[in-house]
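Peer 1: Could you slot chain B onto chain A? The hints should help.
From first to last, the protein sequence lines stand for chains A and B.
For the record, in the first sequence the residue sitting at position 244 is 244 according to my numbering, with numbers rising by one throughout.
Every number in my numbering is 1000 more than the matching position in the second sequence, counting from 1.
Calculated directly from the structure, the hints in this document are not laboratory data.
Since the structure is predicted, the reported quantities are computational estimates derived from the model, not experimental observations.
Don't be surprised by glycine CBs; every beta carbon is placed ideally from N, CA and C.
One should not assume that every hint holds.
List of simulated lysine to any residue pairs, SDA-like, C-alpha gap at most 20 Å [stated by the list, open to error]: (1) A:247 to B:1073; (2) B:1073 to B:1265; (3) A:130 to B:1327; (4) A:298 to B:1243; (5) B:1298 to A:250; (6) A:247 to B:1126; (7) B:1023 to A:252; (8) B:1251 to A:296; (9) A:23 to B:1241; (10) A:241 to B:1293; (11) B:1241 to A:293; (12) B:1251 to A:26; (13) B:1298 to B:1201.
To be clear about the criterion: a stretch of chain A counts as covered by chain B if any three or more of its residues have a C-beta under 8 Å from a C-beta of chain B, and this derived list gives those stretches [what the hints assert, rightly or not]: (14) 197-207; (15) 258-269.
Negatives, chain A to chain B, calculated, CB over 10 Å [as the list claims (entries may be wrong)]: (16) 49; (17) 86; (18) 115; (19) 137; (20) 184; (21) 189; (22) 193; (23) 273; (24) 360; (25) 370.
If you want the building blocks of each chain, they are given just below.
Protein chains: 2
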Amino acid sequence: MSTDEKANEIIVETQYIQIPSIKLECGELLSSIQIAFETFGKLNSDKSNVILICHALTGDAHVTGKHSPEDKKPGWWHQFVGEGKAIDTNKYFVICSNVLGGCSGSTGPASINPLTGEQYALSFPFITIKDMVRAQKELINDLGIEKILCCIGGSMGGMQSLEWAITFPQQCLSYMILASTPFQSPQNIALNEVGRRAIMNDPNWHNGDYVAHSTQPSDGLSIARMIAHITYLSDQTMHQKFGRRIKGKDKLTFELQNEFEVESYLNYQGRSFIQRFDANSYLYITRAVDYFDYSEGKLAQILASNGIDSKTKFLIASFNSDWRCPPYQSREIVKALQNNNLPVTYREIESSSGHDSFLLETQILSPMISNFLENLSN
Amino acid sequence: MSTDEKANEIIVETQYIQIPSIKLECGELLSSIQIAFETFGKLNSDKSNVILICHALTGDAHVTGKHSPEDKKPGWWHQFVGEGKAIDTNKYFVICSNVLGGCSGSTGPASINPLTGEQYALSFPFITIKDMVRAQKELINDLGIEKILCCIGGSMGGMQSLEWAITFPQQCLSYMILASTPFQSPQNIALNEVGRRAIMNDPNWHNGDYVAHSTQPSDGLSIARMIAHITYLSDQTMHQKFGRRIKGKDKLTFELQNEFEVESYLNYQGRSFIQRFDANSYLYITRAVDYFDYSEGKLAQILASNGIDSKTKFLIASFNSDWRCPPYQSREIVKALQNNNLPVTYREIESSSGHDSFLLETQILSPMISNFLENLSN
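The shape of chain A in the complex, shown without the other chains (with noise of 0.2 Å):
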C-alpha cells in the first residue's frame, strides 16, 4: 500500500475544547470560546513529539485523513502528513486546529453569540493573528503538553507559526515557516480589500445579515474567492494547466462567459467555496492577515529581547514564484533571526507553482522536512 493509500486510510474525529474567554488584541473579551482540532499519531510518555500546524487562510483542522471511509478527499496537507510521510505520524503527535474566527469548528462570527442566542455576525470582535494563537496555546495547555518541537505553516499558518515564537518563545523548540511573511504587503492588503468588498456590495450579504435572511451573498463571495485563488497560482502554472484553451469546443464561438478553459475553472473554484466557507469569516480572517505586521525591524527588535532560547531552530522556505509572498519577504524573518544569532535554514526553492507551492511541491518539501524533524533531535 503506498503512503498515499496508507494517509487516506487515517480516520480521525474533529474534537473540541472550549476556552472561558480570552482578551483579544482589539480590547474586547471573547467569552465561551470553542476551538475545533484534531491530533494524528500517538504523544509519546514525555510528550516530546508534539507538531503543531497552522492552516492557512481557508483552512481546517483536518490536515490529513478522513472523517468516514466515504469521505472524497483527504486533508489539506495529506501529502506531508501521514505514516511514513514526511511528517511521520508513527513517530509525531500533530495537532492542528482550526482558527479562531474561522468556520471549521473553532469560534467565528458564524457562531451562536451565547449571550444573546444569536449569530454574531459583524457583532463578533475583529482578531488578529496573535489572537489566533493565544487560543492555540490555550488548547496546548488543555492537552497538557508543555513542549512543542516543531510549530509549522504556510502562508498565513506561517504568520502563526511565526507569532508562536514572538508571543511564546520558551514553547516551541522549533518552527517552520512556508510561503509566508514578517507582514502583509500593501499588495495583498489591496487584493484582500477587492475580495472584502465584493462580499460586503452583494445585496445578499445584508450588513452581516445573511443568515436571519436566510440567504448568503454567495456571488460576492465566488469573485473574492477568484480573485484570490489567481494570486495562489502563477502566470507560468496557467499557461501549463490551462494555456488558451477553448472550453468543450474546437474554435471561439463569442460569448462573455466560459469561452476558455481558465474561465470554467476559476468559477468552479468559485462556486465550490461557497460551499465551504462563511463569507463572514472570511472578511474577519482576511482583516486578520491584513493587521499582520513586523515590519520595518520590529522582528528583530522583539526576538532581541522576548527571552526566546538561542537554540530554538528556524527552517524558512520561499518559492520564486510566489507572488504573493515573494522570496523577499522570507528574507526579512531571516534576516531578523541572523540578526539575534538565532539557528536559521533558508531555502528558496525553485518553483512554477506560485503561492500554493507550500501544498503542491510534495517531492522538493517532503525530504526537507523531514531532514530538519529529524535534525532536531540530534
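Peer 2: Below, chain B without anything else, positioned relative to chain A:
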C-alpha cells in the same frame, strides 16, 4: 513656459467620422459606425509625418491637451505628446481615435442602434482587436492618408499596433509596441473574467439593460476596476506609495474598511472609474483583449507571408516589474520579428512602476521614443 505647460495649453476638439459598415471578425456586420478621434500638429504637404497612437483598455482619443482651458487634467499621454515633447507636435501629425466598442465617442454597446432606436447593450456584436484596427483604417482612409510614419501603442494599444503590422502590413513604416504582448495570457484572461463576473453579478446590471432601468452596475464596475488597477501597479510601487500606512489616524481602529491608505486609494480609483466608463463597454473590450492570440509561432508565420516590407522598423519595450505583460511576452514579439529579419530594437527597462510604466516612465521613455522617430527619416 515648460513643455508640460505648453501641452496643457493645447486646446483640442474631438472629431468624428461615420463608417457605413464593417464586417466584424465574429461574422456580424456592424452598420452606421461612428469613430471619435483627435489630431494634434499639422499634416505636412507630402503627408509623411503621420503618427497613429492606439490607446489602452480604458483610454480614449484624448491623448494630450485639453478640451477647454477649464479642464483639470490634460489627455492621458500628455507627458509624451506635445510641442517639444518626445512625440513633437511641431513635427508630427498625431492621430488618436477611441476604439470601436469604446464609450468615449466611438460606437460601442452604449450607443443607440439606429435600426431599433434603442441602446445596443448586449445586442452589440463581439469585437476584436482586428476590428478596432479596421475601424482605424477607415479613419486613415477618410483623412486621405496613405502612409503612417509610426503606429504606437502601450498595453492593448500595443496589441492594436501589432495588429496593424499583421492586417495592413504596407500601411505603417514603423511600429512602437510598449508593455504589450502577442497574446492574452491565461492569467490575464482570468483577471478579466473576475472583473466581468463582478459586473454581471451586480443586480443593477440587468443583463446589460441598466440604462433602460435608469441605473448602472456601479459596484461591479468598481470592483472590476479595483482588481485591474492592482495589476497595473507593482508590489514595490505599492510599498513606496502607501506602505502599511493607516488612513487619517495614528493607530488601527479595527474596521472592515478603510483602515489603510492603500484601501482608500483603491476605492477612490473604483469610484472615479464609474463616472467615466460604461460597464458593457468594459465587458466587450476586455473580451476583445482576451481573444487576441498570436501565440505559438502564429506571429512569425503571418509576418513571413503577409507582404510586410523588410525595412519596416520596430521598437519593442517591456518593463521588468510589469506582471500584466511581463517581458517574456514582448520577447516573443521580438523573436517573431527577428525570425523574419525585420529590423527590431528591443528595450527591457528597469522600472518599479509595473504595467503602468508606459504611462509613467517619462524620463526613460522620452529619449527612446524621440530617437526612434528621428532615426526613421535617416
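Peer 1: So, for every hint listed, does it hold in this structure?
Peer 2: Hints, verified against the model:
Only pairs whose Cα atoms come within 20 Å are accepted, and residue 247 (chain A) paired with residue 1073 (chain B) is rejected, the gap being roughly 43 Å. Simply put, residue 1073 (chain B) and residue 1265 (chain B) have alpha-carbon atoms about 19 Å apart, close enough for the 20 Å limit, and the pair holds. Restraint check: the Cα-Cα separation between residue 130 (chain A) and residue 1327 (chain B) comes to about 40 Å, which exceeds 20 Å; the hinted pair is violated. Note on residue 298 (chain A) and residue 1243 (chain B): the hinted pairing holds, with a Cα-Cα distance of about 15 Å set against a maximum of 20 Å.
For the hint linking residue 1298 (chain B) to residue 250 (chain A), the alpha-carbon distance of about 18 Å falls within 20 Å, and the restraint holds. A C-alpha spacing of about 18 Å is found between residue 247 (chain A) and residue 1126 (chain B), which places the hinted pair at or below 20 Å, so the restraint holds. Of the supplied pair hints, the one linking residue 1023 (chain B) and residue 252 (chain A) holds, its CA atoms being roughly 17 Å apart against a limit of 20 Å. Simply put, residue 1251 (chain B) and residue 296 (chain A) have alpha-carbon atoms about 16 Å apart, close enough for the 20 Å limit, and the pair holds.
Restraint check: the Cα-Cα separation between residue 23 (chain A) and residue 1241 (chain B) comes to about 35 Å, which exceeds 20 Å; the hinted pair is violated. Proximity of residue 241 (chain A) to residue 1293 (chain B) is assessed by CA-CA distance (about 17 Å); at most 20 Å being required, the pair is judged to hold. A threshold of 20 Å between alpha carbons decides the hint, and for residue 1241 (chain B) with residue 293 (chain A) the separation of about 18 Å falls inside it, so the pair holds. Between residue 1251 (chain B) and residue 26 (chain A) the CA atoms are separated by roughly 11 Å; this keeps the pair inside 20 Å, and the hint holds.
A C-alpha spacing of about 36 Å is found between residue 1298 (chain B) and residue 1201 (chain B), which places the hinted pair above 20 Å, so the restraint is violated. For the segment 197-207 of chain A, the stated coverage by chain B is satisfied: 6 residues place a CB nearer than 8 Å to a CB of that chain, which reaches the threshold of 3. Judged by the Cβ-Cβ criterion of 8 Å, the segment 258-269 of chain A is covered by chain B as claimed, because 6 of its residues qualify and three suffice. Against chain B, the non-interface label of residue 49 (chain A) holds: every CB pair exceeds 10 Å, the least being about 38 Å.
Annotated as non-interface, residue 86 (chain A) keeps its C-beta farther than 10 Å from every C-beta of chain B; the closest such distance is 30 Å. Every Cβ of chain B is farther than 10 Å from the Cβ of residue 115 (chain A); the closest lies at roughly 20 Å, confirming the non-interface assignment. Residue-level check passed: residue 137 (chain A) sits 22 Å from the nearest beta carbon of chain B, beyond 10 Å. With a cut of 10 Å on Cβ distances, residue 184 (chain A) falls inside the contact zone with chain B, its closest approach being about 7 Å.
Interface exclusion of residue 189 (chain A) from chain B breaks down, the closest Cβ pair being 5 Å apart, not more than 10 Å. Distance check on residue 193 (chain A): its Cβ comes as close as 5 Å (rounded) to a Cβ of chain B, failing to clear the 10 Å threshold; non-interface status is violated. With a least beta-carbon separation of about 13 Å from chain B, residue 273 (chain A) lies farther than 10 Å from that chain, consistent with its non-interface assignment. Look at residue 360 (chain A): its CB is around 17 Å from the nearest CB on chain B, clear of 10 Å, so calling it non-interface holds up.
With a closest Cβ-Cβ approach of about 33 Å to chain B, residue 370 (chain A) is found to remain outside the 10 Å limit, as its non-interface label requires.
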